[in-house]
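Chemist: Residue strings, one per chain:
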Amino acid sequence: MTAAAPKPALPGSLNANRLLSQWIGFDKSGRVSIRPGKVEIGQGIVTALAQIAADELDVAFERIDMQPATTATSPNEGVTSGSRSVTESGMALRHACAAARQIFLSVTAQRTGVPLDRIEVVDGRFIGPSGEIGSYWADADTGLLACEAPAKVKIKSAAERSIAGTTVARIDLPDKVFGLPRFIHDLRLPGMIFARVVRPATRGARLVEAPEAPAGCSLVIDGNFVAVAADTEATADAAATKLAARIRWDERDTLPEQTEMRAFLRASPAEKLTLADQPGRAAPTQTLRTQFYRPYLSHASIGVCCAVARFADDRLEVWSHSQSIFLLRKDLARVLGLPIEAVTVHHREGAGCYGHNGADDVALDASLVARAHPGSPVRLQWSRADELGWSPFSSAMLVEIEAGVDAKGDLVDWKHEVFSNGHLLRPGNFDSPSLLAAAELATPFEAPIAQNPPLASGGGADRNAFPIYRTGGLTLDIHRLLDMPIRVSSLRGLGAMVNVLAIEATMDELAATAGRDPVEYRLTHLDDQRAKDVIEAVVAMAGPRPAAPPDGYGRGLAFARYKGTSAYCAVVAEIEAEEQVRVRRLWIAADAGEVINPEGAAHQIEGGAVQACSFALKEAVTFDRRGITSNAWETYQILRFEDVPQVMTQLLPRPDLPPVGVGECATGPTVAAIANAIHDALGVRPRTMPFTADNLSLDMGNAP
Amino acid sequence: MTAFYLNGTTVSVDLPADTPLLTAIRNELALFGSRFGCGAEQCGSCMMLIDGQAEFSCTRPLDSVAGRDVITVEGLGTPEHPHPLQQAFLAEQAGQCGYCLSGMLISAAALLSANPQPDEAEVRTALNRNLCRCGAHNRIVRAVLRAADQLRDTP
Chain L
1 MTAAAPKPAL PGSLNANRLL SQWIGFDKSG RVSIRPGKVE IGQGIVTALA QIAADELDVA
61 FERIDMQPAT TATSPNEGVT SGSRSVTESG MALRHACAAA RQIFLSVTAQ RTGVPLDRIE
121 VVDGRFIGPS GEIGSYWADA DTGLLACEAP AKVKIKSAAE RSIAGTTVAR IDLPDKVFGL
181 PRFIHDLRLP GMIFARVVRP ATRGARLVEA PEAPAGCSLV IDGNFVAVAA DTEATADAAA
241 TKLAARIRWD ERDTLPEQTE MRAFLRASPA EKLTLADQPG RAAPTQTLRT QFYRPYLSHA
301 SIGVCCAVAR FADDRLEVWS HSQSIFLLRK DLARVLGLPI EAVTVHHREG AGCYGHNGAD
361 DVALDASLVA RAHPGSPVRL QWSRADELGW SPFSSAMLVE IEAGVDAKGD LVDWKHEVFS
421 NGHLLRPGNF DSPSLLAAAE LATPFEAPIA QNPPLASGGG ADRNAFPIYR TGGLTLDIHR
481 LLDMPIRVSS LRGLGAMVNV LAIEATMDEL AATAGRDPVE YRLTHLDDQR AKDVIEAVVA
541 MAGPRPAAPP DGYGRGLAFA RYKGTSAYCA VVAEIEAEEQ VRVRRLWIAA DAGEVINPEG
601 AAHQIEGGAV QACSFALKEA VTFDRRGITS NAWETYQILR FEDVPQVMTQ LLPRPDLPPV
661 GVGECATGPT VAAIANAIHD ALGVRPRTMP FTADNLSLDM GNAP
Chain C
1 MTAFYLNGTT VSVDLPADTP LLTAIRNELA LFGSRFGCGA EQCGSCMMLI DGQAEFSCTR
61 PLDSVAGRDV ITVEGLGTPE HPHPLQQAFL AEQAGQCGYC LSGMLISAAA LLSANPQPDE
121 AEVRTALNRN LCRCGAHNRI VRAVLRAADQ LRDTP
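Protein sequences appear in the order of chains L and C. So for the first sequence, the working numbering puts the first residue at 1; every next one is plus one. So for the second sequence, the working numbering puts the first residue at 1; every next one is plus one.
Hint data in this document are derived by calculation from the structure and do not stem from the laboratory. Check before you lean on any hint, since a few could be wrong.
Stated by the list, open to error - These stretches of chain L come out as covered by chain C in the derived footprint (C-beta under 8 Å, 3 or more residues): (1) 42-48; (2) 301-312; (3) 325-338; (4) 621-635.
Glycine included, each C-beta is placed from N, C-alpha and C at the ideal position.
Could you build the full structure based on these sequences and the hints that come with them?
Modeler: Here it is as structure tokens:
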């Protein structure tokens, strides 16, 4: 017996989902269905994918109907995360659509005898030398796409594209501006009942006694999982509030001291991974040691997590704003003891989530209530306190750098050490389901400890820990905590935010110590021309410092190539530091290769930068020994309109280079540029996020 | 039974008097444009115009609007007859996830009624109660200024 020849590699997610009809469908009425497995999370990906498809098929953009992903029929594209959607889904669709075009044209050529190179595609119609000879619509029902994508396909060159690469308005925005039902929260099904969960009073609390169900409500209790359901949302809400006041929990201290987090991160049992161990190129004449701390951060979505679930005839159907519907399906099936085929998860849009928030957890909450109410669709929505108190956070992190330089100040050695929990707790990745309520049940599943995604996918705590600079030697140690007192998972950029802050603030300090210009210093240590280009571009954008800067004025620059493989991004931040630090202006230059939707990409970069200002200046999850105390907007503050800086963005034109995502590239450089600007203004090196007055005085006191 | 004007027509709702206005409008009247964000008047997703003022609706009891004039984002305009603010938000692509936009539009509408020619700082102050997490703030500000310009040019 001989093994079958391995199939040729296809681009992106097409490699694992090779059937063309799974991605593309034509309708006799002249519509095109495009069915990606990636999902809209407010980043505009659905619009960018539609552009790619329309361009490669040669149909008008308006003919494309983007279908929401569902485990029932969509290609399994894993997780919508890590700025990988254009690469994985976009390049799959580009290839699939080019293949579809080629197949339809070949059939038309054979049928009519018109040579292939004499057929032009005009908005889906096939035009030969003497007029129309066919169309996608005419052959819509002929099953031409019921085949695997061929490996060899002619893809358009950059110059041949007319839709991808241009600014197109977001497909989803009109519904959101006119208030039309589009979000998961707006889904209503006949016979729907409304549910709320009553989470334990604090982390690790055990249920002692639950009161009777309030009138008109039913309780679902399974171990420490408590939920209440009613015919109306108002009744369920009121019942949840009443129950929360009366229910008795056995609480205990399970969380570390918030003020001792540095020591906690250093001392906790951890798995150590050495990613680099190259000796220095010379003995340093001077060594700089720096340490950076960032607290736990919340996704802090504006919408609360919500799901709809219906359980009937041993089948579960769920509507969810999860970023990973296939992985969610796996964990739901495991918790409910169902075969995976008995669970279907449909994606519906939620509020922006920036990573793994509670979207998956609430789907299990809804499913548990649905199982207790067979046949009825159950809509379960979290409260704001659930959202800010129980969604997975981004791990607190400690990064330490030891940089050795020679007499000129040039690097000879670099040691980078990270102490952090893992940054991946998404469902479906562990021996045991990772959904919140799975560990609360009477027969609990063991709660997994967050891992780091492999370096090949960009890593987690180690993301962007590899300096892009010529450092001489390089030692890189990652300590992944084996305890997880506070549940954490993926937030925009994962470990990149703190690693980039650490590297870029250290580079700035090294330049200053050597009496060198920070831009020259970086350029001297860079080999990558694209990196140099974005730095030079942002310096040109920002222009000279003002002749008479106001009091407290500071400017700082930072740069990173996201994940070491993705978009290049350089930022100049201009701040004013008085009682508090205010960011006034940001200039951003980025290189993301081919850009599908220039305005959309700029918007993603700007949004990431504004959010990074919020992370840098305002945000910290707070807790006592028992529970999260920052569970309202009063206690978890984010940046508001009056504090948002002006943002100027430039994307370098690289139409012939492979496209990469841009959603996360600005986060680290923005935080680091602000830190460097603070030093410029105040002379203090910020080491502790967020850069509040209190933390800055702490860092000033700790300065050597 | 509570009767009030909703987007220009009279409605009456048979719900307990203390039902939050937001819940009544979303669930009983099936207008989903106003969003639940916090239930504590801290984010602005639920804002409606009540007698012309931008007000939170998530904690506000239903009976407090008896006989009053309530406008939700659906009452500002429709795809066929958009409000200048809605046109401007689309022109500026002022939104990412879009969850906050109804509240933004309502706050902006109240601002433009009171101050038809706001400067940028006034727009930021007027929207400061409304939270956006995606970082679409500057585009939203530009959209409000664009709508103000349009209203001035087409009296």
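Chemist: Which earlier hints can't be squared with this structure?
Modeler: Going through the list in order, the structure violates hint 3 alone and respects the others.
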